[in-house]
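Q: Given chain A, put chain B in place with the hints provided.
Just so you know, the sequences run in chain order A and B.
Per my numbering, the first sequence starts with residue 1, numbered consecutively.
Per my numbering, the second sequence starts with residue 1001, numbered consecutively.
These are computed hints drawn from the structure, not numbers from a lab.
Fair warning: this is a prediction, and the values are worked out from it, not measured in the lab.
Incorrect hints may appear among the rest.
To be verified - Derived Cβ-Cβ restraints for the label pairs, each shown as a range: (1) A/GLY28 x B/THR1057: 37 to 43 angstroms; (2) B/ARG1066 x A/PRO8: 22 to 28 angstroms; (3) B/GLY1040 x A/ASN77: 34 to 40 angstroms; (4) B/THR1057 x A/GLU54: 40 to 46 angstroms; (5) B/THR1044 x A/LEU61: 23 to 29 angstroms; (6) A/ARG108 x B/LYS1105: 38 to 44 angstroms; (7) A/GLU54 x B/TYR1070: 43 to 49 angstroms; (8) B/GLY1040 x A/ARG63: 37 to 43 angstroms; (9) B/SER1065 x A/LYS57: 25 to 31 angstroms; (10) A/GLU54 x B/SER1027: 31 to 37 angstroms; (11) A/GLU82 x B/SER1065: 37 to 43 angstroms; (12) B/GLU1005 x A/LEU39: 17 to 23 angstroms; (13) A/SER38 x B/ILE1109: 23 to 29 angstroms; (14) B/TYR1070 x A/LYS57: 25 to 31 angstroms.
Positions of the beta carbon are idealized from the N, C-alpha and C atoms, including for glycine.
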Amino acid sequence: DSGVTQTPKHLITATGQRVTLRCSPRSGDLSVYWYQQSLDQGLQFLIQYYNGEERAKGNILERFSAQQFPDLHSELNLSSLELGDSALYFCASSPSTGAEAFFGQGTRLTVV
Amino acid sequence: GQSLEQPSEVTAVEGAIVQINCTYQTSGFYGLSWYQQHDGGAPTFLSYNALDGLEETGRFSSFLSRSDSYGYLLLQELQMKDSASYFCAVNSGGYQKVTFGTGTKLQVIP
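The following block holds chain A by itself, in its conformation from the complex (with noise of 0.2 angstroms):
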């Protein structure tokens, strides 16, 4: 267990609607990254968060967005869904260090 909560696991949904995704992050850590991974594709890194600021963007599309809050957890937003979106996002947290990140389990996103 690494300490990273994502809700929910499984999120089956139609095109064009919008999902929240959820992270706690382990205690005390101030930097969540997320990332996207589609089938067989490596981590693409989204946004990172550090003590509620957002502080790297990386290759997030416009419909997403984020934030992170006072006590630390993150959420993802994604809106006006399309197939193409369907995909595990990961979560990650590190402490000020950043030299290992700890990774949720994942939430599975499908988009019908």
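A: Quick look at chain B alone, frame taken from chain A:
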């Protein structure tokens, strides 16, 4: 920006040694990490190199050459359970942004 290159697939025999290479280009560099991911699972941390040289952790070792922007993961005494994808990742930026390579799928065969 950041880019990392690693081979997409490697096949090795049980009991043998395999080396997975990673070259990177980054505007900032703090260290190189390696992660293992089994099918359907979450990536798990294996090792981290901030300085040049070899780090050994059991059957796994990781090497870094900062001047060559190059590192590798060495797996010894391969076991069937080592079949997985292996990602290198660069820690860069003032807030330790972590960027992953595309991963190397290792297949261990009997």
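Q: Each hint needs a verdict: does it hold in this structure or not?
A: Taking the hints in turn, this is what the structure says about them:
no., hint, verdict
1, A/GLY28 x B/THR1057: 37 to 43 angstroms, "violated (23 angstroms)"
2, B/ARG1066 x A/PRO8: 22 to 28 angstroms, "violated (41 angstroms)"
3, B/GLY1040 x A/ASN77: 34 to 40 angstroms, "violated (25 angstroms)"
4, B/THR1057 x A/GLU54: 40 to 46 angstroms, "violated (33 angstroms)"
5, B/THR1044 x A/LEU61: 23 to 29 angstroms, "holds (28 angstroms)"
6, A/ARG108 x B/LYS1105: 38 to 44 angstroms, "violated (20 angstroms)"
7, A/GLU54 x B/TYR1070: 43 to 49 angstroms, "violated (31 angstroms)"
8, B/GLY1040 x A/ARG63: 37 to 43 angstroms, "violated (26 angstroms)"
9, B/SER1065 x A/LYS57: 25 to 31 angstroms, "holds (30 angstroms)"
10, A/GLU54 x B/SER1027: 31 to 37 angstroms, "violated (18 angstroms)"
11, A/GLU82 x B/SER1065: 37 to 43 angstroms, "holds (42 angstroms)"
12, B/GLU1005 x A/LEU39: 17 to 23 angstroms, "holds (21 angstroms)"
13, A/SER38 x B/ILE1109: 23 to 29 angstroms, "holds (27 angstroms)"
14, B/TYR1070 x A/LYS57: 25 to 31 angstroms, "holds (27 angstroms)"
In this structure, the hints that do not hold are numbers 1, 2, 3, 4, 6, 7, 8 and 10, in rising order.
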